[in-house]
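Chemist: Each chain, letter by letter, is given below.
There are 2 protein chains.
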Amino acid sequence: MTKVIDFQTDPSRYRHWGIEYDGPIAWLSMDVDESGGLFEGYELKLNSYDLGVDIELADVVQRMRFEHPEVKVVVMRSAKEKVFCAGANIRMLGGAAHAHKVNFCKFTNETRNTYEAALADSGQNYICAIKGACAGGGYELALACNHLMLTDDSTSSVALPEVPLLAVLPGTGGLTRVTDKRKVRRDLADVFCSIEEGVKGKRAVQWRLVDEVFANSSFDEKVAERAAEFASASAKPDVTQGIALSPINRQFATDAVTYSSVEVGLNRAESRAVITVKGPETTAPADMDAFTAEGAQAWMLRCARELDDAILHLRNNEKHLGLIEFQTQGDPELVIAHEALLLAHKDHWLANEVLHYWKRVLKRIDMTSRSLVAMVEHGSCFAGPLAELLWAVDRSYMMLEEFDGDNRPLARVTLSNGNFGTYPMGNDLTRLETRFLGTPEQVEELKNSAGAALEAEAAEELGLITYAYDDIDWEDEVRLFMEERASFSPDAMTGMEANLRFAGPETMETRIFGRLTAWQNWIFQRPNAVGPEGALQRYGTGVRGKYDMERV
Amino acid sequence: MTKVIDFQTDPSRYRHWGIEYDGPIAWLSMDVDESGGLFEGYELKLNSYDLGVDIELADVVQRMRFEHPEVKVVVMRSAKEKVFCAGANIRMLGGAAHAHKVNFCKFTNETRNTYEAALADSGQNYICAIKGACAGGGYELALACNHLMLTDDSTSSVALPEVPLLAVLPGTGGLTRVTDKRKVRRDLADVFCSIEEGVKGKRAVQWRLVDEVFANSSFDEKVAERAAEFASASAKPDVTQGIALSPINRQFATDAVTYSSVEVGLNRAESRAVITVKGPETTAPADMDAFTAEGAQAWMLRCARELDDAILHLRNNEKHLGLIEFQTQGDPELVIAHEALLLAHKDHWLANEVLHYWKRVLKRIDMTSRSLVAMVEHGSCFAGPLAELLWAVDRSYMMLEEFDGDNRPLARVTLSNGNFGTYPMGNDLTRLETRFLGTPEQVEELKNSAGAALEAEAAEELGLITYAYDDIDWEDEVRLFMEERASFSPDAMTGMEANLRFAGPETMETRIFGRLTAWQNWIFQRPNAVGPEGALQRYGTGVRGKYDMERV
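Chains E and B, in that order, give the protein sequences.
The first sequence begins at 0 in numbering that gives the first Met the number 0 and counts up one residue at a time.
The second sequence begins at 0 in numbering that gives the first Met the number 0 and counts up one residue at a time.
Each hint should be verified, as a subset may be incorrect.
Remember, identical chains collapse to one label, so a pair may be satisfied in a single copy or spanning two.
Calculated lysine-lysine pairs in the DSBU-like style (CA-CA distance at most 35 Å, straight line) [stated by the list, open to error]: (1) K182 with K277; (2) K446 with K201; (3) K199 with K446; (4) K105 with K545; (5) K2 with K277; (6) K545 with K2; (7) K358 with K182; (8) K105 with K180; (9) K362 with K545; (10) K105 with K2; (11) K182 with K446; (12) K318 with K362; (13) K358 with K345.
Because the hints were derived from the structure by calculation, they are not lab data.
Okay, chain E solo, but in the shape it has when bound (with noise of 0.2 Å):
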């Protein structure tokens, strides 16, 4: 599996989900095309999935939040007769490389949180309407929207099939939403998760699996019924227009990727990929008629698309590059200007969503399992949005006066109000409260310094930075951190971050990410799982696992 995964779809280009805009309401279908894998070996039966099924769905999610601002509610059905969805493909998991199986975890879990918040985010509510099996990915599916409709018919049930069948767990969030999502009693839980064929009708409703159940012959009518509710009972905001997501502007080369306000350089020899983001180069639009004109031009829109994109191709392509970088260059008020215009029209849709967008890119870089650094040159731009940068990665380096030869403006951070409650992460703090745990007066302090251009040592004082140098020793404690990384344990460091990056409070995320992930993670390294007489190797051969029955 080691070609070039493309993040970037349209609908015109969709062959696994069908969408119908009905005013307030969205139907979308899952109709997976059989022959349609990402990959050769496997076909996608029974609505399975691989990770090309899931970048439509994320696409359509995506879009639904620019594009279509008028739906309030989204009704997830099947267009399969018998069938909601099985799941990941098996043959594909079975098939995958390690690192490949961990990413499209990620990426599939990434895409469930989004629908799942776009209630809270954006007023848009996710129904699952299930007709037919409901299985293992398919239920983790149906479990990230809010609300779910189950048909009462022999055929209709939910199911998390993975330990009996394959010895993996429900990754893909589905063990937590169980818990504390459906708040599901442990043993119920725990039956739920041994029985290979799920839970059909009333005791599905009985043990919170699903909220409803309907007889097949009502159930269409009540679905409408429940999603007319649902719309009608909506506070968003009535939105009539909403903007396209143009393609966005992108180039590959050997050594680079090149979009238009963000620029990837890939060191292999160094197993380093450096990401520069642009700040703006024009003023901030006047207003949010003039941001919606810019549509998905305006920088702060565009410049979010972009590196989203790029963390996606880096750590689905580039996975030997350990080390992520990121720069920025430009007029750092420019940034705090085009930011400021969205925080002061928040309830402006667009604003909204572009600052949730932001929200989820920089969620996206924190779970970026790769040692990231951020370093703060001359000319850079880390202010607001930016200046999460150095927070969301492991360490800064930033630069410490004049630099001989260097005639950029001199390093300096820049605080917005953005960073103070715009963009939180998984465990819900904002990064400068996870930062300063220890001391939360720090971050109110830092308040008094919004807007203000904090050169390195009184960034470095502040404790936005972690180390500041000089002309004199930039180069070689640059080098020798990058050196030292690279001398690492790419699996320690992974471990290591992944414990490192989320001080604080826990949340359904963090707990998918963390606790559920490492578990799976785990044994999807076990000879019980994936050695050659392992359940995931045997699934479809009619011979079960064998398992060596120690426990660990």
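With chain E's structure known, arrange chain B on it following the hints.
Modeler: Then chain B, alone, in the frame of chain E:
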């Protein structure tokens, strides 16, 4: 490593720890005997430890609570020159099987949690006085203490060098306590965990890694001063006389381990252990004086000690028994009466200790990575602390109505006030609160049932058990469950149970056992750590680990 590991010891057999009692202050010295390793093949140099060292430490900590209630402050020190503790012995780790590594970390974590909690639970406060190198597991030992003092000299430092040196994590709570207890800024934590040589002197205080640093010349004096201050400021009531923890009564046979109040049946053919807890046979002591006179023979204490030992024995010495079945036999009213005496005298030091000990034993069960089931048979006494077993297990079966030829009293479940707050889980909720996370009103209602003997129908109706079966179905249903469980991958079970058992809020404890442990287990499977060219295997050979640099 198939030697039977015995978790029972006493001061006369200690090889690695010294303890001096000086009124309210206990001076605990780590003085590991190099040649006293639990297994062959390694020397415990530089105060490095293996499971044997930790078994002694757990014994010290436990005896301090029961035998020396006069102790208010424990000062943990090293008896070696120039080294505090080098952490877990690396050759031991390199040579150990995966399961042993995991069990070793779990037990050491439990011991650290116990002495960390001694302040809140019993008013015993641990000071760590660090002279010399304090690295890896050595610093994790220190981190579990509540006040860290460091000598300011050239050889004294704190360090977590696992990642750079061994390609594994500081997995005994290290990463979690750095971020969540010490609240070290995350970029500084990243730096700290990347430098082999650690951090010394004032910087260790600035980075929040220790609380105080003093010159070598005044260090001992300052430690003594601090210990005296803490002791005199302690709110712990003065108790002059403890009770002796006499050796537990235990016989090993091929298929059984027999204690006075606990019987363990080892059904190797069916990969199952049956733990039968026997209720008290005599009336409860009349008052706390009578209880104190019974001392370690009092049922509430004796049973907890025996159950604790049984769990540890199964975890470490019977790894192929994937299912632990809990049974009880006895008079539920007597169990309630024995518990009631302690509940009525929670402010009595010994009642407090015994109840906290039950809390720890029950937590140890929660953390046991075996499938757990309770069989509520006729004649059983699932009442008060023993009723907790019903909600510690993954599921439970209860006998409904009379069984042919069985003249034991009908099965019933009896709640006590103790079930509503005395034995919280690691997530700081009671087992009932965790169970009814989605319907908290049920916990309130259950308080009305405290004291009532609930037969199967009522217990099922109230959600206290999973299934109630009558004489006709019982045997088949139980057999089917056991066969099913025995057919599943033990790894998938471990991952599933680790996720389903701890719904609701997270604490430092659940993060250590959930997130941190899971990542460590993953890394303990990865070739970069444990493969022939991995860092753990190569340590000490002069050749560094060779890594596959792909990031997962």
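Chemist: So, for every hint listed, does it hold in this structure?
Modeler: Outcome of the hint check:
1. K182 with K277: Cα proximity of K182 and K277: across copies only (34 Å, versus 45 Å in one copy).
2. K446 with K201: between (53 Å within a copy, 29 Å between copies)
3. K199 with K446: between (54 Å within a copy, 33 Å between copies)
4. K105 with K545: both (28 Å within a copy, 27 Å between copies)
5. K2 with K277: within (29 Å within a copy, 62 Å between copies)
6. K545 with K2: Both. Shortest intra-copy (32 Å) and inter-copy (27 Å) distances satisfy the 35 Å Cα cut-off.
7. K358 with K182: both (27 Å within a copy, 24 Å between copies)
8. K105 with K180: both (19 Å within a copy, 28 Å between copies)
9. K362 with K545: between (39 Å within a copy, 32 Å between copies)
10. K105 with K2: within (18 Å within a copy, 41 Å between copies)
11. K182 with K446: Only across copies: K182 and K446 sit 21 Å apart there, 38 Å inside one copy, limit 35 Å.
12. K318 with K362: Classified as within: same-chain Cα gap 19 Å, cross-chain 40 Å, threshold 35 Å.
13. K358 with K345: Result: close within a single copy only, 14 Å intra versus 49 Å inter.
Taken one by one, the earlier hints all hold for this structure without exception.
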